[in-house]
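Student: For reference, the chains in residue letters:
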Amino acid sequence: MIIGEWKPVAELVETLRGRKKVLVAGCATCVAECAAGGEREVETLAPLLRMGLKKKGHDVEIVTHTIERQCEWEFVEELEKVLGGVDAVLSLACGIGVQAVAERFQDVPIYPGVNTTALAIREEPGLWTARCAACGDCVLGETFGLCPIARCAKSLLNGPCGGTHEGGKCEVNHDNDCVWCLIYERAKARGAVDSLIEVKRSKGWSSSSHGGQKRMLREDLRS
Amino acid sequence: MKRDVPDARFTPDVALLCCKQCLADPGVTSGLLEAKGCRARLVVLPCSSKLEGSYLLKILANGTDAVQVVGCPEGACRFGVGSRMALKRVERARGLLDEIGFGAERLAMERTTGLGRQDLAALAAGRAEAIRPLGASPMKGDEKA
Numbered sequence: 001m002i003i004g005e006w007k008p009v010a011e012l013v014e015t016l017r018g019r020k021k022v023l024v025a026g027c028a029t030c031v032a033e034c035a036a037g038g039e040r041e042v043e044t045l046a047p048l049l050r051m052g053l054k055k056k057g058h059d060v061e062i063v064t065h066t067i068e069r070q071c072e073w074e075f076v077e078e079l080e081k082v083l084g085g086v087d088a089v090l091s092l093a094c095g096i097g098v099q100a101v102a103e104r105f106q107d108v109p110i111y112p113g114v115n116t117t118a119l120a121i122r123e124e125p126g127l128w129t130a131r132c133a134a135c136g137d138c139v140l141g142e143t144f145g146l147c148p149i150a151r152c153a154k155s156l157l158n159g160p161c162g163g164t165h166e167g168g169k170c171e172v173n174h175d176n177d178c179v180w181c182l183i184y185e186r187a188k189a190r191g192a193v194d195s196l197i198e199v200k201r202s203k204g205w206s207s208s209s210h211g212g213q214k215r216m217l218r219e220d221l222r223s
Numbered sequence: 001m002k003r004d005v006p007d008a009r010f011t012p013d014v015a016l017l018c019c020k021q022c023l024a025d026p027g028v029t030s031g032l033l034e035a036k037g038c039r040a041r042l043v044v045l046p047c048s049s050k051l052e053g054s055y056l057l058k059i060l061a062n063g064t065d066a067v068q069v070v071g072c073p074e075g076a077c078r079f080g081v082g083s084r085m086a087l088k089r090v091e092r093a094r095g096l097l098d099e100i101g102f103g104a105e106r107l108a109m110e111r112t113t114g115l116g117r118q119d120l121a122a123l124a125a126g127r128a129e130a131i132r133p134l135g136a137s138p139m140k141g142d143e144k145a
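Protein sequences appear in the order of chains C and F. Going by our numbering, the first residue of the first sequence is number 1, and it counts up by one from there. Going by our numbering, the first residue of the second sequence is number 1, and it counts up by one from there.
The reader is advised that the hints may include incorrect statements.
[Claimed, not checked] Using C-beta positions, here's what the derived DEER-type ranges look like:
#, chain 1, residue 1, chain 2, residue 2, range
1, C, 8, F, 122, 32 to 42 Å
2, C, 109, F, 116, 52 to 62 Å
3, C, 61, F, 88, 36 to 46 Å
4, F, 80, C, 219, 47 to 57 Å
5, F, 122, C, 96, 43 to 53 Å
6, F, 79, C, 5, 20 to 30 Å
7, C, 171, F, 25, 51 to 61 Å
8, C, 171, F, 31, 53 to 63 Å
[Said to hold, decoys possible] Chain F regions said to be covered by chain C (calculated; three or more residues, Cβ under 8 Å):
#, segment
9, 98-109
10, 123-136
No lab work stands behind these hints, which were simulated from the structure alone. Note that the structure is predicted; figures quoted are calculated from it, not measured. Note that beta-carbon positions come from the ideal geometry of N, C-alpha and C, so glycine has one too.
Build out the structure end to end from the sequences listed, making use of the hints.
Tutor: Here it is as structure tokens:
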């Protein structure tokens, strides 16, 4: 899923200063799963914004609405019915959702309430970790299903780097496992350590985020 | 944030949200509570873990001066981790209140049990005293959703 976290509330209060009626728009998919932008978070943030703005001397009406997905046009349409009199929208969706809402409703300023951070998995309640960097050239088949691009601080294709900390932890962040240690352990369990000796050639990065906006086209799906 | 001279005439409105397992007398029900120096309203909950951060913040955003949550001590929660989870939600909400300059003191949680009416009144009065230096909530009279 896509994960994100609230921008600092004080920053959001500053952003919305002077607005008379604000829609706080939630998204019930990825950002709800990571407790950043679903209905629960929308209903938590709304009273905070009211209090924060009032504290600074600004009266504001806050309306809330959470739709299934802010990243699909059909769902975004639903927001039209709650936009009456609204002079700013605070979207708690990921960056995709914010852009979709901004594109559909161009007359109203749209602000992001969430910083989108990664493609991640929920490890346990309250802990999410990045698992994919959307690099566009997947190497998981060569690394025993563990991504060195997203999970190694240096995105090494031929690891480990030599700085692995005691207990198999990353030298950059000791909270994180060294993914190359994990790859080695998995290779060992499968009796395939030899496959790691072969030096992997440079990866093509043109399909990552360096070549401008990514596009995916499937002619067979177009009308 | 603090006022230099607390207003002696200020009578805080305090919401006391209490897990029913913390009550010595199961006959105590939700309603107004006589407490010194404040107007206290007791809400009896089936478990403090029923509380969401949004509920606590909405109570404050609707003009209540302070919220006091009461849950079971560690290890005594009938549902195992209910009061522990409630405490975490309260702590998060307190941090957010601080961040917007509203005062974390307006929200607190006590983990105790065997409470009678007088104990509940004392908890409400204690919360009222704690927020007296902050003065009345800026949200007074701003009761919206």
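Student: If you check the beta carbons of residue 109 of chain C and residue 116 of chain F, does the distance land in 52 to 62 Å?
Tutor: Holds, since residue 109 of chain C and residue 116 of chain F (Cβ atoms, about 54 Å apart) stay within the stated range.
Student: Lying within 43 to 53 Å: is that true of the beta-carbon distance residue 122 of chain F to residue 96 of chain C?
Tutor: This hint holds: roughly 52 Å between Cβ atoms.
Student: Quick one: are residue 8 of chain C and residue 122 of chain F within 32 to 42 Å, going by C-beta?
Tutor: With Cβ atoms ~36 Å apart, the hint holds.
Student: Return holds or violated for the Cβ distance of residue 61 of chain C and residue 88 of chain F against the range 36 to 46 Å.
Tutor: violated, 31 Å
Student: Check the following: the C-beta atoms of residue 171 of chain C and residue 31 of chain F are separated by a distance inside 53 to 63 Å.
Tutor: For residue 171 of chain C and residue 31 of chain F the Cβ distance comes to about 60 Å; the hint holds.
Student: Count the residues of the segment 123-136 of chain F whose CB lies closer than 8 Å to any CB of chain C, then report whether that count reaches three.
Tutor: As far as the segment 123-136 of chain F goes, the hint is violated, because 0 residues have Cβ atoms under 8 Å from chain C.
Student: Examine the segment 98-109 of chain F: at least three residues should have C-beta closer than 8 Å to a C-beta of chain C.
Tutor: holds (count 4)
Student: Range hint 20 to 30 Å: satisfied by the CB atoms of residue 79 of chain F and residue 5 of chain C?
Tutor: Holds, at about 28 Å.
Student: Kindly confirm whether 51 to 61 Å is satisfied by the beta carbon distance between residue 171 of chain C and residue 25 of chain F.
Tutor: 59 Å Cβ-Cβ, so the 51 to 61 Å window holds.
Student: Holds or violated: the 47 to 57 Å window for the beta-carbon distance between residue 80 of chain F and residue 219 of chain C?
Tutor: holds, 56 Å
Of the numbered hints listed earlier, those contradicted by the structure are 3, 10.
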